[in-house]
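J.: Please arrange chain P on chain R, whose structure you already have, making use of the hints.
Residues per chain, in single letters:
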Amino acid sequence: MAKRVKAESPPRSTAARLADAADQRLGIAKAKSLIRKAFPDHWSFLLGEMALYSFVILVITGIWLTMFFRPSESETVYHGSYAALDGLRMSEAYESTLNISFDIRGGLLIRQIHHWAALLFVASICIHMLRIFFTGAFRKPREINWLIGVTLFILAIAEGFAGYSLPDDLLSGTGLRTFEGIVLSIPIVGTYLSFFIFGGQFPGTIFITRLFTAHILLIPGLLIGLISVHLLLIFYQKHTQYPAPGHRNMNVVGRPMIPTYAAKSAGLFAMTFGLLSFFAAFVQINPIWLYGPYDPSQATYGSQPDWYLGFLEGSLRLMPNWTTNFLGHTIVWNVFLPAAFMPLVLFLLLYLYPFLEQWVTGNRKEQHLLDRPRDQPTRTAIGAAGITFYVVLTFAGADDIHTMIFRLSIIHLVWALRIAVWGLPILVFFITRRVCLELQRSDWRDVLFGQDVGVVEQLPDGSYRAPLAQLDAGERYKVTSHDDGPVNPPTPSDLKPRHWVLWTVRRSLVVWDRNHRVRKPTPMEYNVAHRGLWGYQRRHGSKAGRAAGSADDERREELQK
Amino acid sequence: MSVVETRPGPTAAHGGLTGWLSSTDHKRIGLLTVGTALVIFFLMGLLALTMRSQLAQPDQSIVSSSLYDQLFTIHGSGMIYLAITPFALGFGVYLVPLQVGAPTIAAPRLTAFGYWLYVVGAVVMFSGFGAAGGAASDGWSAYVPLSSSEFTPGVGMDVWIVGVYMSTVGMMAQGGTVLWTALAKRGQGMTLRRMPVFTWSMVATCLMVLTAFPDLLLALSEIVVGRIDPSVFHSNTWVIGYQHLFWFYGHPVVYVMFFPFVGAVAEVVATFSRRRLFGYEGVVLSLLLFAALSMSVWGHHMFTTGQIVNDYYSLTSFLLIVPAGLEYFAIIGTLIGGRLVFKTPLLFALAFLVQFLIGGLTGIMVGTPVIDYQVHDSYFLIAHFHYTLFGGSVAGLFAGFYYWFPKAIGVRLGERLGFWHWLLYVVGTNATFLPMFWLGYEGMPRRVSTYRASDGFTTANLISSIGAGILAIAMWLFLMNVIFSLRAKKRAGSDPWQGQTLEWATSSPPPRYNFAGPVPPVTGYAPLFDARHQAAWDGAVHNDGAVHDDGAVQDDGAVHATGSVGSEAEA
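Sequence lines, in order, name chains R and P. So for the first sequence, this note's numbering puts the first residue at 1; every next one is plus one. So for the second sequence, this note's numbering puts the first residue at 1001; every next one is plus one.
No wet-lab data here; the hints were simulated from the structure. In this text the structure is predicted, and so the values were computed from the model without any measurement. Among the hints, a few may not be true.
Stated by the list, open to error - Taking beta-carbon pairs under 10 Å as the criterion, some of the chain R residues facing chain P (in silico): (1) Ile-405; (2) Ser-409; (3) His-412; (4) Ile-431; (5) Glu-438; (6) Leu-439; (7) Gln-458; (8) Leu-459; (9) Gly-462; (10) Tyr-464; (11) Arg-465.
Every residue, glycine too, gets a C-beta built ideally from N, C-alpha and C.
So here's chain R without its partners, still in its complex pose:
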């Protein structure tokens, strides 16, 4: 702890003197605790970092791209080295993207890294968010960071959409046209809003410039700001950890930032960059020269957005053709409901989830230990149902492709998906919850009686025995350390009588949730089981256990005869 260095100390090495000099001016010695900051170790904690590093790569490659991209809709005639488009009229934006791809050294590679990184960015945010959701890392005190995270997710989608719309090719133009349609569908303000955004009729002449500003300045600025707060909060609140011996709600057990975690993280950055470069070099993405310049009078078969917007595309495609005439105005439900209202509700639910769960369970304690998904069957089932909903919609976004490949009837496919988009999530909800409960029950048995590891012994008398392996302390802790059900089930006095509707809803949810939980073994049960109190497992064990027990009874009775 070299906090202070005396002036009269003898001269030392250059490094030491540099360090002293820096310490005297910046106080870096205080950062020693920072250097030793503990980072819990688990692969799933790297998902968010992957998002971060994709973002870093996006910024690096993005800066490079701005040097050559011209965000302008002025018309020009192409005379670059891609002969197929020679002499074609196109916007400067499209022309400059062609130039980046064909005439600027390394341009195509950088462009493709940028696009692949954008896909990975949103994908890693999604997976990171799912990890947070399923492990309950959004619980108190991390609700604010969850809100920031959801905002980052939305911004990332917007940033991606803005980015792939910039080149002004036919595909992205079709996407912008869809966007315009969604804006127009908003009742009353839609048309005004559209004129406001595009500066007149679609496509207008200034939209690429506006989009460019949003893409390189506005949204990245917001992203950088929010990412900083996001990280700062993680730093300040400290990282969550999975239950394990010695991991408690009050501590953080992990590797020090320097050297272990920093090295790991740097390695992840290098790997992310390497992977993206590999993809960029070998897997073509967004070949705009094949699509041609945008012309509002044209659209192509098989137009799909980047993957993260597939769900919107899908919900648009599944929606029946509903419109209403109201006082001479047409309300286009078939666009508004699936493409404006649905995402609004979806993101609202994402924002509100931590608070809804808190409201139902009444659990207002600080939680720093993560849940195992099986220990929260209802939450896990909700998450799985949500994923199913999203995946069905994404699948529907490419229904023309599926129809073509599998030669299906598109009407049949659309109707099947319309049913699936509501039916499958419900089915998945119940299956998931059931699987969670069964996994909990199997944990329960493993703790009390040991685990069947599949080793069978033959005894000298010729009978078979499969000795059960007792869980070690670590496993036992992992399986039993979670909270057992709602902490404070609401009582009538919790809420004023005037809230009786809310109270009833909450109470029924609590009861419903509690009825679908498996009690974890109590210490008494554990002791009883391990002292081999005869017959215990027959009262509480599985059906098969009881059957085996009664078979034994039969045997015993026979022997007594």
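T.: Leaving out everything else, chain P in the frame of chain R:
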């Protein structure tokens, strides 16, 4: 006593979705396989009913001819690839470890993998009905050039190939593990010459699975390549070569769908005759001989191609009479002199003997080139192989199902419903398939969706369709019987039939590792029968000094929920 030491505890695997779907317990995998096969068996039966409705009267158009093509294709391939073959192997997966006194099957995860491949393959094949052109429509044998992309275009055929490929690989996995278990995982005292006859039938079956099934994969690969570009093959390789490859699989698979049920019938006959199987060693040898010969007869499916040495394949086909006759004599020899207990399993076993005989004898007819030229591709052939498969194998299947159901589930199937199921099944089978011999002889070709009134096929077709209706009622009764019995509370006990083999020495259903107590000593191929007689002998000597051979052998057919023989011997 040692009871407390050997208590099984909760080693029994967990129930529920995860417990079943992630199971590596051979009993569960076996039940899943058999259950899935049964569901597909019913579905394929519905397709057959549709076809019989279409053919009940001349000039009907209940289904279009294109849909009719899909129906007979999926009915045939579903029954062969996805119903009876998996049923046969599922039986083996469930029973062979129990019969040889092993605690588990060899390579349980591979066995489970086989099941999952089979299920996914089935789903993939049936998904063809959702494709624009419909499901595959070129017959279960998918002859080229009919199955080429020119004559059977569409995704339905593509997914058919994928489905058959997957389920066949799955069945090979299961066949391999069953064979491995029988050959290398037997319990104490279980020498090869003491293996139950059902296990021997599975050994012969699995040998054919492992030698013949890879050949189907080759044949399918040929279709795949040919569908992409038929010019790859010399035309004779493409057309006749495919038939060679296909029937080198296609004939043994008939025995794969037959042997396990012969084995089941032999076990049932022995048990319900209250005596050991007569001629055990002859049966075992004939099974092996049968399996070996099955690889030499494939050309008899190709007599009419003119590219086969007909005399050779006719001769090898005739040789099959020797092992088949041996098995028949052994089973009949067991019945004669036995004290028969007419429970449902035995009824089905008797139906098997008669109906399979018709199938077998007409097999000799179609194995004679000069007759085959006349009846080839006619309803005669349909009648022949439905007598072997539906009249024979399925009767054996039901015999085995009624026989082992209480072992697997712990409850017996109802005898009364079982009797009606049996009666209607026998009536329906013969009403459906006997007229077809006549139809075929009169020249009605197979795989046609309708006929004219002037053809003179009307009466026989109508009888046949009425027979199919009777069969539908029989199957419905069977389904009801299974559902009622699954809900029944009355336990069957470990040995409701006085079985002779080791699976009856453990509880019903058996514990996770099959035997909770000591496995009874294996003294012969009917160890429990031997022990029962030994006990009777000892008791007779002990009680009055005289020898009563029949002292403890109940021949009244009543249910005796006796405990395991091991404990009797121990006591």
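J.: Please go over all the hints and tell whether each is borne out by the structure.
T.: Evaluated hints:
1. Because the smallest distance between the Cβ of Ile-405 (chain R) and any Cβ of chain P comes to about 8 Å, under 10 Å, the interface hint for this residue holds.
2. Interface restraint check: Ser-409 (chain R) against chain P, minimum CB-CB distance 6 Å, threshold 10 Å, status holds.
3. The beta carbon of His-412 (chain R) is positioned within 10 Å of a beta carbon in chain P (closest approach about 7 Å), and the interface hint is therefore held.
4. Interface hint status for Ile-431 (chain R): upheld, as the beta-carbon distance to the closest one in chain P is roughly 7 Å, under 10 Å.
5. Of the supplied interface hints, the one on Glu-438 (chain R) holds, with its beta-carbon coming within about 4 Å of a beta-carbon of chain P, less than 10 Å.
6. For Leu-439 (chain R), the suggested interface contact is upheld, since its CB lies about 6 Å from the closest CB of chain P, less than 10 Å.
7. Hint on Gln-458 (chain R) holds. Least Cβ distance to chain P is approximately 8 Å, under the 10 Å limit.
8. About 7 Å separates the beta-carbon of Leu-459 (chain R) from the nearest beta-carbon of chain P, less than 10 Å, and the hint is met.
9. Hint on Gly-462 (chain R) holds. Least Cβ distance to chain P is approximately 5 Å, under the 10 Å limit.
10. Hint status for Tyr-464 (chain R) relative to chain P: holds, with the closest Cβ pair at about 4 Å, below 10 Å.
11. Annotation: interface hint on Arg-465 (chain R) holds; nearest CB of chain P at approximately 6 Å, less than 10 Å.
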